[in-house]
Each structure stands twice: as C-alpha cells, then as structure tokens.
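This is what each chain is made of:
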Amino acid sequence: MSTRAHPPLEQGSTIEVLLFAVLRERAGWERRRVPLSPGICAAQLWQALGLGAGDLPSTVRVAVNQAFADPLQPLAAGDELAFLPPISGG
Amino acid sequence: MNLRIDLHCHAFEPHTCLQQWQGSLPDQPAAESMFLGRMRAAATDGTPLQALELEHYPGMTERQLHHLASDCCARHGVGSCLIQHRVGRVLPGEAIVLVAIGADRRGPAQRCCQELLEALKHDAPFWKREWRTDGTSAWLSGNTPL
Numbered sequence: 000m001s002t003r004a005h006p007p008l009e010q011g012s013t014i015e016v017l018l019f020a021v022l023r024e025r026a027g028w029e030r031r032r033v034p035l036s037p038g039i040c041a042a043q044l045w046q047a048l049g050l051g052a053g054d055l056p057s058t059v060r061v062a063v064n065q066a067f068a069d070p071l072q073p074l075a076a077g078d079e080l081a082f083l084p085p086i087s088g089g
Numbered sequence: 000m001n002l003r004i005d006l007h008c009h010a011f012e013p014h015t016c017l018q019q020w021q022g023s024l025p026d027q028p029a030a031e032s033m034f035l036g037r038m039r040a041a042a043t044d045g046t047p048l049q050a051l052e053l054e055h056y057p058g059m060t061e062r063q064l065h066h067l068a069s070d071c072c073a074r075h076g077v078g079s080c081l082i083q084h085r086v087g088r089v090l091p092g093e094a095i096v097l098v099a100i101g102a103d104r105r106g107p108a109q110r111c112c113q114e115l116l117e118a119l120k121h122d123a124p125f126w127k128r129e130w131r132t133d134g135t136s137a138w139l140s141g142n143t144p145l
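Residue numbers (numbering that gives the first Met the number 0), protein chains in the order written: chain A, 0 to 89; chain B, 0 to 145.
In case anyone wonders, no lab produced these hints; they're calculated from the structure. A quick note: this is a predicted structure, and the numbers were derived from the prediction, not measured. There may be inaccurate statements among the hints.
[Unchecked claim] Sample of chain A residues at the chain B side, in silico, Cβ under 8 Å:
1. A20
2. I39
3. C40
4. A62
5. Q65
6. A81
7. P84
8. P85
9. I86
10. S87
11. G88
12. G89
C-beta atoms are modelled at their ideal positions from N, C-alpha and C, and glycine is treated no differently.
Put together the whole structure using the sequences plus the hints.
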C-alpha cells in the first residue's frame, strides 16, 4: 500500500476562480484554484462552492478568461472564471 | 481610429488630460464632445460621504474598455476617443471619469460620447463602495439614474 500523499493538482486539471467587491467580502476569499469536474459550468460551480443560498442570481455576471460569458458554458482546464456583482462604473 | 485609455490610481486633472490628448491628435477634429463625472459629496439619499472606493478587475477592465470604445466609435464613425477612469479611493469633487470624442460632426460626437459613457457604466467591471462620514460603508448595487 502506498503511503505517498496525493500530488498537488496540476494547473491543467483546475480552474482559477475570482470574486470581486461584495461577493469577495461575503465569501471571505478573493482567489481560489479548484479542481475541474468534466462538463461543469459557472452556474454549477456557484452552488458547489457555496457562494449563495440558491441558484446563481441573475444580477451576478460571469466572465471566463476576462470576457463576459454564458454561465451555462462548460468550463475548460486552465480557465480563469470570475463572478461579477452588479457593475457600477463611470 | 485614435484611441487612448488610461486608469488612474491617484487623482487626475481632467482638463490637463483633455488638453494633452487634443495636442496628440494628428488632425484637429471639427467637433468634440466630452463628459466629465466627479464624485458626489452625498449619497442619493442625502447621506454625507467621505470617500468612494472604486474596485475593478485588472486586465478585464482594460480589455473591456477597449472593446466598448472600438465598437462604439466604429458604429458612429468617429475618429478619436479618450477615456480616463479612476480606481482606488476617490474623494468628493475628484474626477472619476472623462470621456471625449472627436468627430467630423456634432451628431456622431455627442451620440458616441453618451453611448460610450453608458456602456462603460454598465459593462466595464468597476464596483463602487460609498464610505460615509460615520465610518460605515456600502457597495452600490447599480448606477445613478440617467
């Protein structure tokens, strides 16, 4: 029986999740690398990470690799996923 | 298309930026339209404000501003565009955003300026947090009415 510890997750099998503003403060973290389950999308990851009580709220937008994206789009290894609370620029 | 976009971590002098941008253009446009937004001294409910915290998504902000400006300017057929935007801690009266458009005619210049301003207010990843004079704060959940 091997006593070797699990190897660290390689970047290829994970994605980076970023939170901003009120979402970051509510969750208590800003950036986290998480394992990528095949076919998972941002909306599912929102629930898996316990970021809210229910479904991804319509007011929260999603960006993948720094561009707005469909929350139901399957994520790929190495993606940078960001959950964006309501924007207030200008 | 002549496009200049800058994010400022510290207070900037909008009229100096505007003058420098105008001086950098190869040809002086016949029409220019600009909008300058400054921090209010009070929240929409009248509560006095001490400061505004402007958070953004480094990398995406620059890309999105470039995308919004290029798209808007192409649709209106204008020749030059300037966007200056603050990030970080902003004090009452300080400039938050400057948008300027140079074009051949006033119509495209004014329409593009207004449209681009609304686009960046809603589709560029910035977030405002109001700090009140009593030390409490709140993230804004949207923009002030047009």
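Each hint tested on the structure:
| no. | hint | in the structure |
| --- | --- | --- |
| 1 | A20 | holds (4 Å) |
| 2 | I39 | violated (22 Å) |
| 3 | C40 | violated (19 Å) |
| 4 | A62 | holds (6 Å) |
| 5 | Q65 | holds (4 Å) |
| 6 | A81 | holds (6 Å) |
| 7 | P84 | holds (6 Å) |
| 8 | P85 | holds (5 Å) |
| 9 | I86 | holds (6 Å) |
| 10 | S87 | holds (4 Å) |
| 11 | G88 | holds (3 Å) |
| 12 | G89 | holds (4 Å) |
Of the hints listed earlier, those the structure fails to meet are numbers 2 and 3, in rising order.
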